[in-house]
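Asks: Sequence:
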Amino acid sequence: MAVPDIEASAERRAANRARGDGRSHERVRARPIVVGARVAITHRCHDRRLFLTPCGDPRKGHSFEDTKNFYGYTIARAVLKYGVSFHAATQMGNHHHINITDRRGNRPNFKNSVHGNLARGFNARFGRFDSFWSGGGSCDTVAPTDEETLEDLAYTDTNPTVAGVVKWSRLWPGLTTYGWRFGESRTFVRPCKYYDPDNPDNPAVITLTRTRPDIFPDLTDDELSDKLIERCLQIERNTQARLKKENRRFMGLRKLAKSKWWKRVKSPEKRFTNVPTVASSQATKRVRELERNAEWRRLYAIERDNHRNGAPTRLPHGAYMLPAIYNVPVADKPP
Numbered sequence: 008m009a010v011p012d013i014e015a016s017a018e019r020r021a022a023n024r025a026r027g028d029g030r031s032h033e034r035v036r037a038r039p040i041v042v043g044a045r046v047a048i049t050h051r052c053h054d055r056r057l058f059l060t061p062c063g064d065p066r067k068g069h070s071f072e073d074t075k076n077f078y079g080y081t082i083a084r085a086v087l088k089y090g091v092s093f094h095a096a097t098q099m100g101n102h103h104h105i106n107i108t109d110r111r112g113n114r115p116n117f118k119n120s121v122h123g124n125l126a127r128g129f130n131a132r133f134g135r136f137d138s139f140w141s142g143g144g145s146c147d148t149v150a151p152t153d154e155e156t157l158e159d160l161a162y163t164d165t166n167p168t169v170a171g172v173v174k175w176s177r178l179w180p181g182l183t184t185y186g187w188r189f190g191e192s193r194t195f196v197r198p199c200k201y202y203d204p205d206n207p208d209n210p211a212v213i214t215l216t217r218t219r220p221d222i223f224p225d226l227t228d229d230e231l232s233d234k235l236i237e238r239c240l241q242i243e244r245n246t247q248a249r250l251k252k253e254n255r256r257f258m259g260l261r262k263l264a265k266s267k268w269w270k271r272v273k274s275p276e277k278r279f280t281n282v283p284t285v286a287s288s289q290a291t292k293r294v295r296e297l298e299r300n301a302e303w304r305r306l307y308a309i310e311r312d313n314h315r316n317g318a319p320t321r322l323p324h325g326a327y328m329l330p331a332i333y334n335v336p337v338a339d340k341p342p
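With the working numbering applied, the sequence shown corresponds to residues 8 to 342, in that order.
Just so you know, not all the hints are guaranteed correct.
In the DSBU-like style, the derived pairs of lysine-lysine whose C-alpha atoms are separated by at most 35 Å in a straight line are [unchecked claim]:
(1) K174 / K270
(2) K265 / K67
(3) K88 / K252
(4) K234 / K174
(5) K267 / K75
(6) K252 / K200
(7) K75 / K88
(8) K67 / K273
(9) K200 / K67
(10) K75 / K340
(11) K252 / K267
(12) K270 / K75
(13) K252 / K67
(14) K265 / K200
(15) K67 / K174
(16) K88 / K251
(17) K262 / K200
(18) K174 / K75
(19) K273 / K340
(20) K340 / K262
(21) K340 / K292
(22) K265 / K252
(23) K292 / K267
(24) K75 / K251
(25) K273 / K174
(26) K292 / K174
(27) K251 / K262
(28) K251 / K270
(29) K265 / K340
(30) K88 / K340
(31) K262 / K292
(32) K292 / K234
Label pairs and their calculated CB-CB ranges [said to hold, decoys possible]:
(33) G29 / G186: 29 to 37 Å
(34) R249 / A331: 42 to 50 Å
(35) L297 / R261: 21 to 29 Å
(36) R261 / A17: 43 to 51 Å
Hints were generated in silico from the structure; no laboratory data involved.
It should be emphasised that the depicted structure is a prediction, and the values quoted were computed from it without experimental measurement.
All C-beta atoms in this analysis are idealised placements derived from N, C-alpha and C, irrespective of residue type, glycine included.
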């Protein structure tokens, strides 16, 4: 008798082979890095461990404020250095969310700075040396519409509630932009035990400002802030109603404070799923964006082969690594 898991695995492999055989080009792992893209970045910790837990390790003298300050300083430093527009962030226990607009096409460098410094910094705090982040890389989704961008911001801000940790996201002790209005700032002090004070990239005090994305141009900053807060409250109430219907409770701050950073989340996790690249609840818009990405990868594969063979090459707009390392020409942004 066949084992169901083995059958499912065989079916996945067969589907993957069929999808690969259907392509007219070699697989392309590159993704377009487009200036002005509104991106929601999510990254999980290795093995779903609670390495980002706001309480840190109380045995080593960690506090909620110390953890929040280190996380906030790391993001603010990268925002300042790479010129992205910062819209939202939430530091959960085993993953985090950041929403930005990539103004200069520096998203890879921004992510490397944030994720590299968070990994080294938290590992040093815990006295560990192994992998910090999941090996699958971050999940970066691009929102094609104003409504989807606002929904992404609301999801980031209310993640502590959606995850069933606290009833209201404003109670979350880790760093979160919940309740920040557009144009509002927070100040963070350089963590003395990690960042070198002699490095000019590490100012003693740094400010992180929540800027509004380029959405709903007919609304003022205050009106857009009110619209976001209203959506957040709606998500929180819906989550509270769902948990009540399921006869479940929120974890609460008291239980959160007892969480151990070396533990892993016990909730079930979906496996063997596709990593999303487009955030849209409308199927037609999502399919259109995915088709555009597929065409970009096809053009990239053709031009990559030209570069390998020494032929004239012009990569599609948004190519990042080959132009950055080998100065390969890139096409202008399409109209």
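Asks: Taking the hints in turn, state whether each one holds.
Replies: Hints, verified against the model:
Taken as a hint, the K174 and K270 pair is honoured in the structure, with Cα atoms around 23 Å apart against an allowance of 35 Å. As the CA atoms of K265 and K67 are separated by approximately 14 Å, the hinted pair is consistent with the 35 Å bound. For the proposed pair K88 and K252, the alpha carbon gap of about 46 Å is over 35 Å, so the pair is violated. Between K234 and K174, the direct Cα distance comes to roughly 20 Å. Compliance with the 35 Å bound is thereby established for this hinted pair.
At roughly 17 Å between alpha-carbon atoms, K267 and K75 fall within 35 Å of each other, so this suggested pair holds. The straight-line distance between the Cα atoms of K252 and K200 is roughly 46 Å, outside the 35 Å bound, and the hint therefore fails. Restraint check for K75 and K88: the C-alpha separation of about 20 Å stays at or below 35 Å, so the hint holds. With a CA separation close to 25 Å, the supplied pair K67 and K273 stays within the 35 Å bound.
The straight-line distance between the Cα atoms of K200 and K67 is roughly 13 Å, inside the 35 Å bound, and the hint therefore holds. Under the criterion of a C-alpha separation no larger than 35 Å, the hint pairing K75 with K340 is inconsistent with the structure, at around 39 Å. As the CA atoms of K252 and K267 are separated by approximately 29 Å, the hinted pair is consistent with the 35 Å bound. Of the supplied pair hints, the one linking K270 and K75 holds, its CA atoms being roughly 20 Å apart against a limit of 35 Å.
At most 35 Å may separate the alpha-carbon atoms for a hinted pair to count; K252 and K67 exceed this at roughly 40 Å. For the given pair, K265 sits about 25 Å from K200 by alpha-carbon distance, which is consistent with the 35 Å threshold. Distance check on the hinted pair: K67 and K174 sit about 29 Å apart at the alpha-carbon level, within 35 Å; holds. Between the alpha carbons of K88 and K251 the distance comes to roughly 45 Å, so the proposed pair goes past 35 Å and is violated.
Distance hint between K262 and K200 is fulfilled; the C-alpha atoms sit about 28 Å from each other, no more than 35 Å. Only pairs whose Cα atoms come within 35 Å are accepted, and K174 paired with K75 is accepted, the gap being roughly 20 Å. Between K273 and K340 the CA atoms are separated by roughly 45 Å; this puts the pair beyond 35 Å, and the hint is violated. For a cut-off of 35 Å, the pair hint linking K340 to K262 is broken: about 51 Å separates their Cα positions.
A hinted pair counts as satisfied when its Cα atoms are at most 35 Å apart, and K340 with K292 qualifies at roughly 20 Å. Distance restraint check for K265 and K252: the Cα-Cα separation of roughly 27 Å lies within the 35 Å cut-off, and the hinted pair is therefore satisfied. Under the criterion of a C-alpha separation no larger than 35 Å, the hint pairing K292 with K267 is inconsistent with the structure, at around 42 Å. For the suggested pair K75 and K251, the alpha carbons sit about 30 Å apart, so the restraint of at most 35 Å is met.
A hinted pair counts as satisfied when its Cα atoms are at most 35 Å apart, and K273 with K174 qualifies at roughly 20 Å. Note on K292 and K174: the hinted pairing holds, with a Cα-Cα distance of about 33 Å set against a maximum of 35 Å. Of the pairs offered as hints, the one joining K251 and K262 holds, with about 19 Å between alpha carbons and a cut-off of 35 Å not exceeded. Only pairs whose Cα atoms come within 35 Å are accepted, and K251 paired with K270 is accepted, the gap being roughly 27 Å.
Pair hint K265 plus K340 does not hold up; C-alpha atoms about 51 Å apart against a cutoff of 35 Å. Straight-line distance between C-alpha atoms of K88 and K340 comes to about 25 Å, which keeps the hinted pair within the 35 Å bound. The hinted pair formed by K262 and K292 fails the criterion: a straight-line CA distance of about 42 Å is larger than 35 Å. A C-alpha spacing of about 23 Å is found between K292 and K234, which places the hinted pair at or below 35 Å, so the restraint holds.
Take G29 and G186: their Cβ atoms lie about 48 Å apart, and the range 29 to 37 Å is violated. Under the hint 42 to 50 Å, the C-beta atoms of R249 and A331, about 45 Å apart, fit the expected range. L297 and R261 have their C-beta atoms about 44 Å apart, which leaves the hinted 21 to 29 Å range violated. Take R261 and A17: their Cβ atoms lie about 47 Å apart, and the range 43 to 51 Å holds.
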